[in-house]
Structure formats: structure tokens, C-alpha cells
Amino acid sequence: QKEVEQDPGPLSVPEGAIVSLNCTYSNSAFQYFMWYRQYSRKGPELLMYTYSSGNKEDGRFTAQVDKSSKYISLFIRDSQPSDSATYLCAMTPSARQLTFGSGTQLTVLP
Amino acid sequence: DAMVIQNPRYQVTQFGKPVTLSCSQTLNHNVMYWYQQKSSQAPKLLFHYYDKDFNNEADTPDNFQSRRPNTSFCFLDIRSPGLGDAAMYLCATSMGIMNTEAFFGQGTRLTVV
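Those sequence lines, one after another, are chains A and B. Residue numbers 3 to 112, in this note's numbering, belong to the letters of the first sequence in order. Residue numbers 16 to 128, in this note's numbering, belong to the letters of the second sequence in order.
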């Protein structure tokens, strides 16, 4: 079993839709949770970062962490074609290296 | 302005011919990482430097080596590339080992022929 599981998609939605991306994990030591966006043939860029359980909002993006269920989510409101990318979740215990999910490929159709 | 720069963006090398990928950073970060990412897979950490201290992941093949001559530059050397080493190689930096905000370069896509 992988430490971090992420539905690879692909996921296609119409412009303006609400998108929900999810990861589950098995290591209860994970404390820091991140979402990265990776455009085709580019390096990942950090979108959101949360510590422990709770919600964090940044513009159209909301990250949720439920440590009791070992489940994290990224919501994108009013999705745009420019949001089309692969979204990678990543997480780490304190002072350890990142463990990535395999990424979900998202396409937002105009 | 690019903060983590990888060169070249695309590299083609022959089977068994040594190849070096380079990474430079303008962030003055202490930590530099090399990841390997194969198609539709998660980035896999190969090794990292905390300042001059080299940390190799247990499952990184001996074929992969790294050098960090100064704070700004880090190199990935593949001594004898095999077909299975074809991948995107990502360099990343972070201020500290907590790695909560890692900045990635654009990546170098390596093809082995």
C-alpha cells in the first residue's frame, strides 16, 4: 500500500464548476500538508500549505485536512481553463521529506 | 524572475554515456533536492543537500550522484544511464529541512537512446 493515495483522473469539468481533489494517507505522523499544481512539462508550484487539521482558504482555492480520517481535499471554485493542470498532494511529518501523491490530471473545458 | 533554474530543459543521452544535469538558485536556500518523476507518477526524492551535508535516499541507485560546489549550484550526475532512467528530473530548494515551502525548477526531461 502506498503511503499517499491520489485518484489519477483524468478529471474533466466545465468552466465555472466546483472541483474537488482528494488524497488519503496511511502515515498518522504526517503533520504538514501541501497541494502543488504542475502544468504540462513544468515543475510543480506550491498552491496551498496547511498544518494539522482544519481549513485554509486562498481566493478560489480551499484546502481541508481531516487527520482523524487521514483525508485531505482541495476545492477549486469557479474553475477556469487556466486551472487545467496536474494537482499533486504532498505531506510530511515534522522535519522529514515530502511524500507526494501521484497527481490528478484536471481539465477545465471552456 | 526564475528562482530555481534547471539546464538544460531537454537532454538526450546515449545508453551508458555519463550525463550531468544542473540546477542553480537565487533564493540562497540551505536545502537543495533532486527528484525523479516518471510519467503519471509522483516525484521520487533521490537525495538532498542541507548546506554541504549530503543525504542519500536508501533506494537511490548508485548510478546517481550529486555535487553541490556552492550554495547556488547543484548537479545531478548519472554515471551510466539506462533506458529506465528516462524521466523528468526536478530540482527544488527550501530554506530549511522542514520543506514546507519547496520551490521547484522547470525540470529537465531526460531521454536515453
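Since the hints were derived computationally from the structure, they do not count as laboratory data. Some hints could be false.
[As the list claims (entries may be wrong)] Below, a sample of chain B positions facing chain A; criterion: calculated Cβ distance under 10 Å:
id: 1; residue: Q56
id: 2; residue: H63
id: 3; residue: D66
id: 4; residue: G122
id: 5; residue: T126
Glycine is no exception: its CB is placed at the ideal position from the N, C-alpha and C atoms.
Each hint, compared with the structure:
{"no.": "1", "hint": "Q56", "verdict": "holds, 6 Å"}
{"no.": "2", "hint": "H63", "verdict": "holds, 7 Å"}
{"no.": "3", "hint": "D66", "verdict": "violated, 15 Å"}
{"no.": "4", "hint": "G122", "verdict": "holds, 5 Å"}
{"no.": "5", "hint": "T126", "verdict": "violated, 13 Å"}
The structure does not agree with the numbered hints 3, 5 stated previously, though it agrees with the rest.
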